[in-house]
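Asker: Listed below, chain by chain, are the residues.
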Amino acid sequence: MRQPQSVPPKPLLHIDGLRIAFKAGRQWREVVRGVDLSVAPGEVVGLVGESGSGKSLTALSILQVLPPEARIAGGRIVFDGTNLVGLSRKAMNKRRGRDIAMIFQDPLTALNPVIPVGRQIYDSLRTHQTIGHKAALERIQELLEMVGIRHPRERMRAYPHELSGGMRQRVMTALAISSNPKLLIADEPTTALDVTVQARVIGMLDRVRRDLGIAVLFISHNLELIAEICDRVSVMYAGKVVESSAVETVFETPRHPYTRQLLRCIPRLDGASGPMPTIPGLPPRFDSELVGCPFAPRCDEASDRCRAAEPPAWREPGHLAVCWEAA
Amino acid sequence: MTSLLLRRLGFSLFSLVVVSLLLFVLTRSIPESPARIVLGDDATAAQIAAFDRDHGLDQPIVVQYAAWLERVVLAGDLGQSFTTGLSMNRQIADTFPVTMELVVVAFVVASMLSIVLGTLSAFYRDSPIDYFARLLAVLGVSIPGFWLALVLILTFAVDLDWFPPGGFVPLSEGLGPHLLSIALPCFCLAVFYLAVITRMTRSSLLEVLNQDYMRTARASGLGRGRLLMYAMRNALLPVVTIAGVSFGHMFGWALIIEQIFNIGGMSRALLTAINQRDYFMVQTVVMVFTIVFVLANLLADLVNAWLNPRLAAVAS
Numbered sequence: 001m002r003q004p005q006s007v008p009p010k011p012l013l014h015i016d017g018l019r020i021a022f023k024a025g026r027q028w029r030e031v032v033r034g035v036d037l038s039v040a041p042g043e044v045v046g047l048v049g050e051s052g053s054g055k056s057l058t059a060l061s062i063l064q065v066l067p068p069e070a071r072i073a074g075g076r077i078v079f080d081g082t083n084l085v086g087l088s089r090k091a092m093n094k095r096r097g098r099d100i101a102m103i104f105q106d107p108l109t110a111l112n113p114v115i116p117v118g119r120q121i122y123d124s125l126r127t128h129q130t131i132g133h134k135a136a137l138e139r140i141q142e143l144l145e146m147v148g149i150r151h152p153r154e155r156m157r158a159y160p161h162e163l164s165g166g167m168r169q170r171v172m173t174a175l176a177i178s179s180n181p182k183l184l185i186a187d188e189p190t191t192a193l194d195v196t197v198q199a200r201v202i203g204m205l206d207r208v209r210r211d212l213g214i215a216v217l218f219i220s221h222n223l224e225l226i227a228e229i230c231d232r233v234s235v236m237y238a239g240k241v242v243e244s245s246a247v248e249t250v251f252e253t254p255r256h257p258y259t260r261q262l263l264r265c266i267p268r269l270d271g272a273s274g275p276m277p278t279i280p281g282l283p284p285r286f287d288s289e290l291v292g293c294p295f296a297p298r299c300d301e302a303s304d305r306c307r308a309a310e311p312p313a314w315r316e317p318g319h320l321a322v323c324w325e326a327a
Numbered sequence: 328m329t330s331l332l333l334r335r336l337g338f339s340l341f342s343l344v345v346v347s348l349l350l351f352v353l354t355r356s357i358p359e360s361p362a363r364i365v366l367g368d369d370a371t372a373a374q375i376a377a378f379d380r381d382h383g384l385d386q387p388i389v390v391q392y393a394a395w396l397e398r399v400v401l402a403g404d405l406g407q408s409f410t411t412g413l414s415m416n417r418q419i420a421d422t423f424p425v426t427m428e429l430v431v432v433a434f435v436v437a438s439m440l441s442i443v444l445g446t447l448s449a450f451y452r453d454s455p456i457d458y459f460a461r462l463l464a465v466l467g468v469s470i471p472g473f474w475l476a477l478v479l480i481l482t483f484a485v486d487l488d489w490f491p492p493g494g495f496v497p498l499s500e501g502l503g504p505h506l507l508s509i510a511l512p513c514f515c516l517a518v519f520y521l522a523v524i525t526r527m528t529r530s531s532l533l534e535v536l537n538q539d540y541m542r543t544a545r546a547s548g549l550g551r552g553r554l555l556m557y558a559m560r561n562a563l564l565p566v567v568t569i570a571g572v573s574f575g576h577m578f579g580w581a582l583i584i585e586q587i588f589n590i591g592g593m594s595r596a597l598l599t600a601i602n603q604r605d606y607f608m609v610q611t612v613v614m615v616f617t618i619v620f621v622l623a624n625l626l627a628d629l630v631n632a633w634l635n636p637r638l639a640a641v642a643s
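Same order as they appear, the protein sequences are chains A and B.
Everything in the first sequence is counted per this note's numbering, starting at 1 for the first residue and increasing by one.
Everything in the second sequence is counted per this note's numbering, starting at 328 for the first residue and increasing by one.
Treat the hints with care, since some could be wrong.
If the Cβ cut is set under 10 Å, some of the chain A residues that face chain B in the computed set are [to be verified]:
1) 51
2) 70
3) 72
4) 93
5) 100
6) 108
7) 116
8) 133
9) 137
10) 225
In short, the hints are calculated from the structure, not lab data.
From the three backbone atoms N, C-alpha and C, an ideal C-beta is built for every residue, glycine too.
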């Protein structure tokens, strides 16, 4: 599915210097510290990083559904030519669910427990489209079929707790694609699912986004998955994108030591037995003061320069790495 | 759903039987025979035995209970008070509607206002309306109802003369005077529950607003009305339970309020019965309270089952 991406066309989504602050006691601390990211129409971009790297907050900020203790502190999120940062609630609501839709990690908690799943899709449909009652019901059946749910007529009356985890994530997907969005943000959509179900849900997602030509921002900590479905990938560490390129490049010639270490952590069936490689240490706490490269304390290639000053961005056409040693 | 309904219904019936049996046994185990009260201290043992025999009081308690239950359930007849000879049906019919009206009016006002206030308070957290609601909630639970009643009478009835200081004007004498006569008592009755339900609505809604599914709803671009509906369907669950219990409690509180406002409701029937050592009437009044309490909770459970499909799923 990876098509060699030439110079990307005008991006659908372009995030520029995004900063997100989190309230820690009385202070606001920046946890996303200048993220640049872009997604072209129809493209699948992976965003990878450990928990706490700011990847989920970045995703939530696009739709401006951040938790109350977080806020966008700076930067631009340009979607289809419009900067979403600072848009009114009304203008934002015109895009939410219609131009940009989102799939969340845990489909059990992400669906309203006391409202039938069909009704939840119905409400979204009728919010964004002038569609009659009967047409909406037919459309819901069509959507449920599209995401691989059999007997959609019965299933639409079910409550979330009456469906299996995989089924719920399919419903979540149907809800997300109900108004033909241009961009789908998938925030670890399979993390909460059984391994056996994961592959099928991913397969379904990939088929649906191809059929409808939807661009996807795919957030995950699973590198294998990213390799499988994404065109490009951005690696985040401590609130910044540290490496970004086409998937092949990142996997074959990673420039950032963090990316290299992440790749080493992918379990292999063929390789020699031995302890699972891990990256020693922990990412910096979000309330700590950062000096130099935030990865330096865990990096086996770090020098004094790394610990003293923030590394510059190293660029090559289609490849970015933020590391002193990249060049 | 049906099985849940049957279970709740069964449980309610069971509670009623247990409470009535308990009341019955307690009333009958008062060492003094009602004959002593009716016939006076001079009555001979033979007279008392005759009285007991005439009224079936010499029978084993289980037999008495069965007879009582049969009469109450099949004939709807609560019987006559041994002490006063009055029909207890009549006494309840005279007093119950008065108390019921006070409680229903107070309950409807309290729950409607508090749900609106609690919702505004949660949606506009830390805004002036939220501070107002929180202040009201603290005041409402901490001000004693009887004290508030006296203050209100002094201010609005005695000084300002807006309301009658007490007494109950029946509806037959005009809607205006009737409403004026129940305004202060209903207010006193409502305040505490207004506070309790406001707090419950607020905290429940705040929790719901933080849930993932509300984020999904926002991410879907739903309008304010839809968002409110999505939140309330979940947030109301604990509120309904509290409201059900509150309704039963209000019935108890109504007794004190009725006394202060000199309203001839069930409190008068109960106090008169206690003064006259009319244990059977006391038993009947307490039984009526139990029925109201059980029914209110049953209704709350049913509303919850309707609001929350998971409850029905767990039960079946």
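Asker: Against each hint, give a clear statement of whether it holds in the structure.
Answerer: Here's how the hints hold up against the structure:
1. 51: Given a least distance of 17 Å, the restraint on residue 51/A is violated.
2. 70: Status violated, d = 12 Å.
3. 72: violated, 15 Å
4. 93: holds, 4 Å
5. 100: holds, 8 Å
6. 108: holds, 9 Å
7. 116: Interface hint status for residue 116/A: holds (8 Å vs cutoff 10 Å).
8. 133: violated, 16 Å
9. 137: violated, 18 Å
10. 225: Result: violated, 22 Å to nearest chain B Cβ.
Consistency with the previously given hints fails for numbers 1, 2, 3, 8, 9 and 10, ordered from lowest to highest.
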